[in-house]
Amino acid sequence: MGWGMAEQSNAGGPASSNEGLFRRLLRAAEIDTRMLGMLAALLLIWVGFDVMSAILRPGGGGLFGGSFLTSRNLWILLVQTSVIAVMTTGMVLVIVLRQIDLSVGSMLSVVAVATGVLQVFELGPTLGVGHPAIWIIAVIFAIALGAAIGMFNGVLIAYGQIPSFIVTLGGLIAFSGAAFLIASGVTVAPMDKTFKLIGGNGPLASIGPMWSWVLAAVACVGIGIATLSGRRRRLKFSFAPKPVWADVLTVVVGCAAVLGTTAVVNSYLWPARVAERFAVENNIPIPAGVENRAGLAICTAGDKVVTCLDGLSFQTGYPIPVLIMLAVGLVMTFVARRTRFGRYIFATGGNPEAAELAGVNTKRLTVMVFTLMGALVGISAIIASARLDAATTALGTLNELYVIAAAVIGGTSLAGGIGTIYGAIVGALLMQSLQSGMALLNVDSAYTNIVVGIVLVLAVFVDQAYRRRVK
Amino acid sequence: MKFKILTLLAGALLMSATSTAVMAAGKTIAVSWKTFQEERWKTDEAAIKAVVEAAGDTFISTDAQGSAQKQAADIESLISQKPDVILVVAFDSDAILPSIQKISDAGIKSIAYDVQFEDPNALYITFDNVGVGRIMAQEMLKVKPEGRYAFIKGDKGDPNATFLFQGQMEVLKGAMDSGKVTNVCETFTDGWKPDNAQKNMEQCLTSTNNGVDAVLSENDGMASGVVAALDAQGLAGTVPVTGQDGDLAAINRVALGTQLVSIWKNSIDLGTVAAKAALALADGADPTTIEGVAKFSGGKNGVEMNAILLAPTPITKDNIQVAIDAGHITKEQACAGVAAGTVPACN
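Residue numbers (our numbering), protein chains in the order written: chain H, -6 to 464; chain W, 2 to 348.
The hints are simulated quantities; they were obtained by calculation from the structure and are not laboratory data. One should not assume that every hint holds.
Unchecked claim - One side of the interface only, derived from the structure: several residues of chain W facing chain H at Cβ under 7 Å: (1) Met170; (2) Asp196; (3) Glu203.
Every value quoted in this text rests on a predicted model; they were computed, and no experiment measured them. Where is the CB? At the ideal position from N, CA and C, for every residue including glycine.
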C-alpha cells in the first residue's frame, strides 16, 4: 500500500555469519522485518475474519466467501481507520521525543464542536448556507485551533517544565469541559455540504476511478524516483548501495501494492440507491427493469438491485479521508526522516542530554512537536465531524487511548527514540480491523475490548523479544 | 491534587452561599448531579430550581463530574449543610448506596432522580425506561409490521440500555415468534457514542448486504451515527430509525424523514414533578400520599421502592408541534431543510 514508499529499515548494520538465507536476503534488501511481521499478522486477521464471517453468514462475496474481504468492507475499513491514523502519525513523534499527549481525544472534541458551531451557527447564517467559502474557512480554522491548543500544551511542558503526562492529563479533563461549554452540549448538525465530503461517508465523497488510477500511476512513478534518488544519494556519499535486485523488488512490490489497493477501492460499486438517486438528479436514463412510481425511479428488485441497475454501475475510487491519511503519512515520514526537525526529534528522544549539548534547542523542539500534534488533531477533527455529519462532545472521547495504542502496536517505543510513521498507521489499521471484524461477526463489544487490549500487550511483548534477538 | 483544591474551593463557596440562605429560613432542597457533561441536566436543574425558589425555599447543588468518589464527597458536603431533601442522580447506582445510608442517618430524605439506586427509603422518580423501549418498538411496528430489525443498544454498563431493550422485546415478542420480525444485528455501543454507532451500523449493513428494514437505536445521538451509515448506502429515509432524548438535531431528522421517532422525555416535566415531590417530603408528607406514587420493584435486585414513573412523549412527523409549543425547539431549528408541505408543523 501507499505508505510503503519511503520504506527504509532500521535493521541495517553488519550481517552476522550464522543467519539463514532468507534473513540474509531481507537484510541485504534492508527490509524492515518487524513491519513484514505486522503485515503478516494483518493478513492473517483479515483472512480469519473472512472465513469466520463466511461460516456465520455465507454468501458475503468475499475472497473466502465471507463479508470481510470484500471491496466494500475494505473501503469502509480504510475510512474508519483514517481518524485515528492521522493523529497517530503525530503521536509517534511525541512519544519518540519521550513525551506523551493524553489530551488528543478531548482536543478533537473541542476542535470538532468549535468548527461545527462556526460553520453551522456563525458562517451559515452570515454567508448563507452552502456558501463555497464555508468549508475552506472551517478547515483552516480547525487546523489552526488544533495547532494553537497543541502549542499551548507544548509551552507549558517545555517552558513551564511540567511533565507532559500532567499537562495533557489536565487537558484531557479540561478540554472536554470546554467542548461542552462551546455548544452548551447540543449536537451541532448538519455540516456544510462540501465539508461533509472530507468525511468520506459514502461514494460521493471519493475521487472516482479515473483519478484513482492517475494517482496510482503517479505513486508508482514516485516510488521509482524515490528508489533511484536513494541509490544516487548513497553513491554520492560513497555508501554501499542496495543490491540492484532489492531496489527492483522495492519498486515492483510497492507499485503492485499501490495498483492492487487502487483496484480494490475502484471495484467497490456505488450502492444501488445512491446510484439511482444520482441518475435521477442528473437525468441519466436508468436501464430497463426498473419500476417507475410517482415520477421517481424506484428499483424494487431487492437483493438483485445491481443487475437491475446494470449499465449504471459507478466505481467508487479512493475516499477523500483515506487520501488525507496517505498524504499525512507521506509528509510525516518525510518530516521524520529527511528534515533537520525530524532528525532532532529522534536525536533528542534517543539521548536528550547529548542532543542538548550538541546544540539542539529541545524546548523549542518540544513546542513544535506538540503544535504539529495539535494541527493533526485538527485534521482528524475535520474528518470525524464530516463523517458523522455532526459535531458532538462525545466525538473523540477515549481516542487518546486508541491513538497511543496504535503507535505502540506500530513499534513506537515508550522509552523514546524509536518509531516509524508507517508502522503506526499499520498499527491503527490493525486495531480498526479487529474492531470492525468483530462488529461484522456481531460479537459483543465487551469481547472486542478484551481482544484489542490483549493484542496491544502482545504486540509490545513480541516487539521486545524481537529487539532483544536483534541485539 | 488539583481536583482536591478545586473541590475544597467549590465547597467553601457553596458553604458561604448557603449559610446566608439558611438564615432566611424556609426549606433547603439539594441535588447531587452525576455530571454536567450532558445538555439535558441543565434543563432539569432550571426546572427544579424554578419550583423550589418560587416556593421561597433554597436550592443547592453539586456536580460529581462523572466520578463515583467525587459524588460520595459531594454528598457528605451536602449533608453537612443540613438540607431537608437530597435528590441524587447516581453516577454508579451500587457505589452510591453507603452515601444514601449516610443521608438517611442524618435524618434527611432522599430521592433517586432519573437513575435508580435500590434503597427502600428513597423515592424513585424517573421516566418509564422500559416504557420508552416499548414505545420505540410500537412506533416501529406501525410502519414495519414485518422485516429485518437491527438493534443498536447503548453502553453495556448502563442498566437503561438493558431496560430499553427489554421493553422493545416485550412488544416485538409476538412478531418475532411468528417470524414476521427477525433480529439481524444486535450490538452494544461503547459510551453511547455516535461514531461507534456509525461503525457498528456500517458493519451491520456490510454483513447483511444492506438487508435491514428497520433500526431500533436506543438514543438520538446514536441515531445520528446510524442515519449517517444508512446515508452512505443511500438508505437514509427509506429505513426507519428510532431514538430518544428529543435532541434538536434528531427532531430535525424526524422532520426531514430520516428518523422515524424521537422519544422525548421532557426534562422540564421530570424536574417539576421531582421538585414538587421534594417539597412535599420536606413538609413531612408520607411518600405514598404524593400524587403518582406507586410501588416499583423492577430494579436489578428487585428492591421494592416508592416510585413515580412518568410517561414520555413520542415525537413523530405528525406532532413536532408539541416540542415547538413547549419551547424545546424553535420552528426554524426543527424545520431546517424540510421540503414544503411534507410536515404539518413546518407549514
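Violations among the numbered hints, reported as their numbers in ascending order: The structure conflicts with hint 1 only, although it agrees with all the remaining ones.
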